[in-house]
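Heads up: the protein sequence lines correspond to chains U and G, in order.
Residue 190 in my numbering sits at position 190 of the first sequence, and the numbers go up by one each step.
Residue 1225 in my numbering sits at position 225 of the second sequence, and the numbers go up by one each step.
Hints in this document: simulated from the structure, not taken from any laboratory.
Note that the structure is a prediction, hence the values are computed from the model and not measured.
For glycine and all other residues, C-beta sits at the position ideal for the given N, C-alpha and C.
It cannot be assumed that every hint is accurate.
[To be verified] Computed list of chain U residues with no C-beta within reach of chain G, every gap over 12 Å: (1) Val12; (2) Asp20; (3) Ala26; (4) Ser60; (5) Met127; (6) Asn205; (7) Ala234; (8) Pro278; (9) His313; (10) Arg314; (11) Pro336; (12) Gln371; (13) Thr401; (14) Asp409.
[What the hints assert, rightly or not] Where chain G lies over chain U, by a calculated footprint (3+ residues, C-beta under 8 Å): (15) 78-86; (16) 184-193; (17) 469-476; (18) 479-489; (19) 517-529; (20) 588-596.
[To be verified] Heads up, incomplete: computed chain G residues facing chain U, CB under 10 Å, no partners named: (21) Leu1040; (22) Ala1085; (23) Asp1090; (24) Leu1202; (25) Ala1289; (26) Asp1425; (27) Trp1481; (28) Ala1517; (29) Asp1521; (30) Glu1524.
Read off the chains here:
Number of protein chains: 2
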Amino acid sequence: MPMSDRRSIATVCLSGTLEDKLTAAAAAGFDGVEIFENDLIASPESPARLREHCADLGLSIDLYQPFRDFEAVPPDVLAANLRRAERKFDVMEQLGADTMLVCSTVSPDAVDDDDLAAEQLHLLASMAAERGIRIAYEALAWGRFVNTYDHSWRIVRRADHPALGVCLDSFHVLSRGSDPAGIRTIPASKLFFLQLADAPRLDMNVLQWSRHYRLFPGQGSFDLTGFVKAVLDAGYDGPLSLEVFNDVFRQADPRHAAVDAMRSLVSLRETVAATSIPAPPKLSGHSFAELSVSGPQVAQALSQLGLSHVAQHRSKPVQLWQQGTVRVLLNENAAPGESAISALAMESADPAASAERAEKLLAPRLPREHQADEADLTAVAAPDGTSVFLCRTDSWLADFTPTGEAERDTGLTAIDHVALTQPFDHFDGAALFYRSLLGLHPESAAEFAAPFGLVRSLPMADAGHSVRIALSVAVLRRGDWAPGVQDPQHIAFASDDALASAKAMRALGLPVLEIPANYYDDLEARLALPPGLLAELREYSVLYDRDANGEFLHFYTPLAGSRVFFEVVQRIGGYAGYGAANAPVRMAAHRRARLSSGS
Amino acid sequence: MPMSDRRSIATVCLSGTLEDKLTAAAAAGFDGVEIFENDLIASPESPARLREHCADLGLSIDLYQPFRDFEAVPPDVLAANLRRAERKFDVMEQLGADTMLVCSTVSPDAVDDDDLAAEQLHLLASMAAERGIRIAYEALAWGRFVNTYDHSWRIVRRADHPALGVCLDSFHVLSRGSDPAGIRTIPASKLFFLQLADAPRLDMNVLQWSRHYRLFPGQGSFDLTGFVKAVLDAGYDGPLSLEVFNDVFRQADPRHAAVDAMRSLVSLRETVAATSIPAPPKLSGHSFAELSVSGPQVAQALSQLGLSHVAQHRSKPVQLWQQGTVRVLLNENAAPGESAISALAMESADPAASAERAEKLLAPRLPREHQADEADLTAVAAPDGTSVFLCRTDSWLADFTPTGEAERDTGLTAIDHVALTQPFDHFDGAALFYRSLLGLHPESAAEFAAPFGLVRSLPMADAGHSVRIALSVAVLRRGDWAPGVQDPQHIAFASDDALASAKAMRALGLPVLEIPANYYDDLEARLALPPGLLAELREYSVLYDRDANGEFLHFYTPLAGSRVFFEVVQRIGGYAGYGAANAPVRMAAHRRARLSSGS
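Here chain U stands alone, though its shape is the one from the complex:
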C-alpha cells in the first residue's frame, strides 16, 4: 500500500487571516495547503503574490475550494456558472493551483438529473483542461441530489472526462454511514483528492455537525484508519489533507492548532501503515508527579495524607515526598499563593524509545538544567505547558539525598490518576497529545452540569491501567462571576481501603473536604447502602459511586494553594470510572471552603 509523504491542510482549519494561517501551516511542517476561497477574498495579497508567498514558505497549493452549486441547472444558470468558473480559473492560474473542488449542488435551481449533471461537469472539465486544471467533484453529505461518494463517482464515470475525478472527504462518507470498502471500485486515476476529518458521533443535522464539530483524526469517533486504508488500497497517491471545521479551532491560536493537526496526521499514518515511529513502550505506573508550590500549604497536606519528606534534591529546591511507590516532588518555585502540577512522570520500559516517539510526534522538548552527575531526563511540554517525563524511577532517585525522615502508612498504594483541567483552547489537542505520545486509550467521556458551567471530562489509560490521566475542560466557559478556582488540578492516590485511609489521615490532622448531609440522604434513597457503610461514608465525607463492574469510594482535600487539591480513591471490583457524578458536589464544596477561608 503506497502512501504519499505529502501532508496538506485546508486554511479553513485554522484561525486568523490567510497570512496567519499560512505561517502556522508552514511552521508545523505541512507540505501544502487547500486555499479556502473566503480566506483568499479577505486577503490583500494578489493570487500571484500568494503563490510566491506560499513558495517562500515551502507550501504548494494543492486545492482551491469550494466551487458550489454548479451542476444540473437550466441553460441560463449554467452560463452564469461557467462564467463564474472561468473567473475562478483565472485566480487558480495565478495561484498555481491545479485542482478545484466542486461540491455537489444544494441549489434550488438544480434538477435531479444525473445525465444533465454529468454533461455539465464534462463541459466544466473541458474548460478546466484547457487551463491545465482538474475538477474534483465531491458529494456533500447534505447535497440536494448527490450526497454519497458512490453517487458522485457514478456521475464522474458518466461524464467521462480525464480532467474530472472525485474528491473523497472522510466526514461526508462516514457521517452518512457509507461503507468505505466500495472506494476500491474507483480507479486510482479518478481519485483526485482526499480530505480527512474526524468527528464525535452526534445526533444532529449533518450540515451543522460538519460545520461546527469536525476534529482532527484521532480526536473523534470515526474509523479514519479503515477509511484511509480503503482509499490507499484503491491506489490514491495524492496528499493526505485535513479539512476540519471546528468552532474551537476557529478561534484558537493557529500556531498550536497546526501542530495538533500535524500530530494527528503523524499518528494516523502510524495506524494506517508501519512507519518509522517507535511504538509506545509499555508503561508501568506514575514515576512521580511534581508540584510547583509556594510556602508550606501543600507540604502540610501531603504530610497529613501520610507522605513523608524522605529526600531532598542535591542541587535544586526540590523535595521528594513518598509513601511506598507514591512519589510527589515539591518544587518551591511558584509565585506566592500559587500552586500547580508542573510535571507528570511515567515509568517507561524504554525511555529512549519514548523520547524518540515524542520527537516524531512533534512534542516540544524542554531544556533541563542538570549537574554533570545527575540524571539527564528527557521532558516534553504538553499543550498547556505541563512537563511530561517518560523515565525509569531508578534513574532519577539517585539525584536525591535521604533526609532520614521515616515513611508512614496510610494505605496509599499508587498514584491512581492525575486530573488536569485544560485551558479551553487546548482540550482536544491535549487529549491527542497524551494519547498518542503515551499510547493511552480513551475511557468513558462524560459531560456534566457543574455549579459554574458545563464540564467535559475525558479520562485515558494505558492497557494495563497503570497510568491514568483525566482531562477536563469547561464546555463553554467557566462562570467567572464566582471567585475561586480556575483550572483546578489534582492528584488522586489509590488506596485499598478508602475508609481506613480516611481514618488514618484524620489521625494525622487532615482536613477532608466536607460533603453535605443531603448528599448522603440522596445516596441512601437511591442505593439503599448498608447502614454501617453509609454512616462511615457520612462520618468521613467519603463519596460513593458504582457502575456495572464495581464500586468507588473517594474523598478530597480542600485546595492547597491556588489550584491544587488531592483525592484518595478506592476501586472495588472492576469499577472503571472516576466518580464524575460526584464532581458537582465536590465543586460546590470547594467553593464553600474557599469562601469560608476568605481566600
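Assemble the complex: chain U is given as a structure, and chain G must be docked to it using the hints.
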C-alpha cells in the same frame, strides 16, 4: 382568563450554588422556586433550614424536581422506587414543598403498559396524599413510552387519584410540534404545574436541544403566548414557572440572569393578557448616539465623515456633532486610548410612557446629573452598561450652545443602525432587553465564520424601521491570540448615495477601511455587476450585497480609539440586511489596519 400573579423559577436556570441561586431569584422579585434536586444535594443546608432560608427571602418552594424513572416497572423495581419516593417525601416535608415532579420514564426496566403506569402512579399518589403531597406527572419529549402531553394526561386520567395531575412544560410540548389547543380538554383541577421555556428551532436530538439550548420566553422561536393562553383557558391558576437549561446561563452571573428571567415573564404576561404596562410608544429614529472618547481621534473621523461640531453642552465636556438629523455626542470622559458607544437615544412619541414601561420591565434607571435648567432625561442601563434614552430631541438640544460651526453635506440622512458587540454572557439578555423595552422586532439572525471565531448577529428594528440596533456576539470565544479589537461597536450612517458620500468624504480626507482587490474579483465572478459600478466600488472600497428585495452598498472607517468605528450604508429597494456576508472581510481588514498602525 384569570392569571396567577405568582412567578417562579427553577433553580436549574441559574449558575452557582443553591445559595447563590436563591439570593438571585429573590433579588429579581420571584415569588417562588422549583428546587432542582442536584442543587439540594450539593447544599450544606438541611431541607428544614432551606425552608427557613427561602421564607426569609420571601420565596415559596413550589416544586421539588425531578423524580425520574418511576412508573411501569416490575414489582422489585417498584418497591425500590417507592422506597426512594418515601425518602424524597421526607425531604419535601422538611422543605415545605407540596408538589413533586415525576417525569415519564426513560428506564430500560420499564414496559410499554399504560394501565401498569397508571396503577403504579395511583399507588405513588396515594402515598404522597398521606403526606399532603401532590404528584405532577410530566411527559418528557424523549420519554421512552410517554412523550406527549396528551399521553401523560390519558395516564393521569386512568390513574384517577386526586393527588395526581399533570405538569405541562412548554418545551416538551412545543419541541414535539404538539398542538397546545388540546390542553383545554384537561380539567383545571388536573393542571398541577406549568413550566415555561422558549428555544431556538434546532434540528438536533431533542434531549440535547432541551438540556443545552432552552431560553427564557421571548428569546427563542416558540409561540409561548399561544401556549400560555391555552393553559390559562383550561383554567390553570398556578404560578408561571421558568425551567430553562442553557449552557450560557449555567455559567453567567445568576443575579443578571434572574433579572433577565423576570423581564421575560413580565414581557410574556404582556402578550398573554392586557397588563398594566404601557405599550411601547412609537419611535421615530435615533435622537443621538453618544461616544465616550479620549483625544481627537474620533472627532477627526466624524469631521472627515462630514459631521460638524455645531454645539457644546452648557455644563459638561460634551460636544454635539451633527449633519442634518444625524447627531453624535462626544463625551471626553474615556481613559486614554479608549473609545466606546456610551449611550443610545431614541426619539419616543411619549417619553414618560417609555420610562414607565422601562421601569416595569426592570430596566435599571441610571442616575443623571443635570443643572436645574437642563433637561432631565430618563436613562436606563442595558445589560452591558450602555445608557439607553427614550426622549424627544427638542427636549435636550436646548442644553447645548451653538459653536457657530457650519454644517456640511456628505449625503448622510440618518443613523441607519447602531451595532453593539455584546459581552458573551449578555447576548440573549440584551436582545430581550432592547426588544421588550423599545418594542423592536427581530430581523434575520445570522451566524458566520469570522477570522477569529464564529459570530452570531441579531439585528432588530421598530415597525417603521426608523430605529435599528444590531447585536452581535462571539458564538464561543473570540480568539484572544490575535491582538486587536475586542467587542467592537459602530454607528452606521444612512446615505442615499454611498458612492457620492464616499467621494465627498475622500475630499474631506477620510481614510476609508481598505478592501482587498480579491473581494472585488469575487464579486465580479459571482454577480457580474456593471463594470462601471464595480470599478467605483473598488476605487472607494465600498462593499456590496444584495438580497431578494434590493441592494446594499456600504463602507467602513478604520477604528477610532479602542473599540469604535463608523459605517456608511445605502439601502436600495427593500434590502433588509446588514451586509453580514461582508463582515469577515471587514474584520480581517480591521486587523490588518491595527497591525500596520502598530497599535
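- Query: Looking at Asn205(U) again, its CB stays over 12 Å from all of chain G?
  - Reply: At about 4 Å from chain G, Asn205(U) fails to clear the 12 Å cut-off, so the statement is violated.
- With 12 Å as the threshold, tell me whether Ala26(U) passes as away from chain G on beta-carbon distances. holds (17 Å)
- Message: Using Cβ atoms and 12 Å as the threshold, tell me whether Pro336(U) really stays out of contact range of chain G.
- Response: holds (26 Å)
- Message: Tell me if the interface restraint on Leu1202(G) is satisfied: Cβ within less than 10 Å of some Cβ in chain U.
- Response: Holds - the Cβ of Leu1202(G) comes within 10 Å of chain U, reaching about 8 Å at its closest.
- Task: With chain U as the partner, please determine if Asp1090(G) meets the hint condition of a C-beta pair closer than 10 Å.
- Result: Check passed: Cβ of Asp1090(G) comes within 8 Å of chain U, closer than 10 Å.
- Do the numbers back the hint for Trp1481(G), that is, is its least Cβ distance to chain U under 10 Å? Since chain U brings a Cβ to about 4 Å from Trp1481(G), closer than 10 Å, the hint holds.
- Item | Within 8 Å of chain G (C-beta), three or more residues of the region 78-86 of chain U | Answer holds; 3 residues pass the 8 Å Cβ test.
- Message: Is the claim that Asp409(U) lies outside the interface with chain G correct, judged by CB distances over 12 Å?
- Response: Label holds. Min Cβ-Cβ 33 Å, cutoff 12 Å.
- Query: Minimum Cβ separation between Ala234(U) and chain G greater than 12 Å?
  - Reply: The claim stands: Ala234(U) keeps its Cβ more than 12 Å from every Cβ of chain G (closest is about 32 Å).
- Task: Count the residues of the region 479-489 of chain U whose CB lies closer than 8 Å to any CB of chain G, then report whether that count reaches three.
- Result: holds (count 3)
- Message: Given Asp1521(G) as an interface hint, is its Cβ closer than 10 Å to any Cβ of chain U?
- Response: holds (7 Å)
- Message: Does Ala1517(G) hold up as a contact with chain U if the rule is Cβ-Cβ below 10 Å?
- Response: Holds, because the Cβ-Cβ distance from Ala1517(G) to chain U comes to roughly 7 Å (cut-off 10 Å).
Hints 1, 2, 6, 16, 25 from the list above are not met by this structure, while the remaining hints are.
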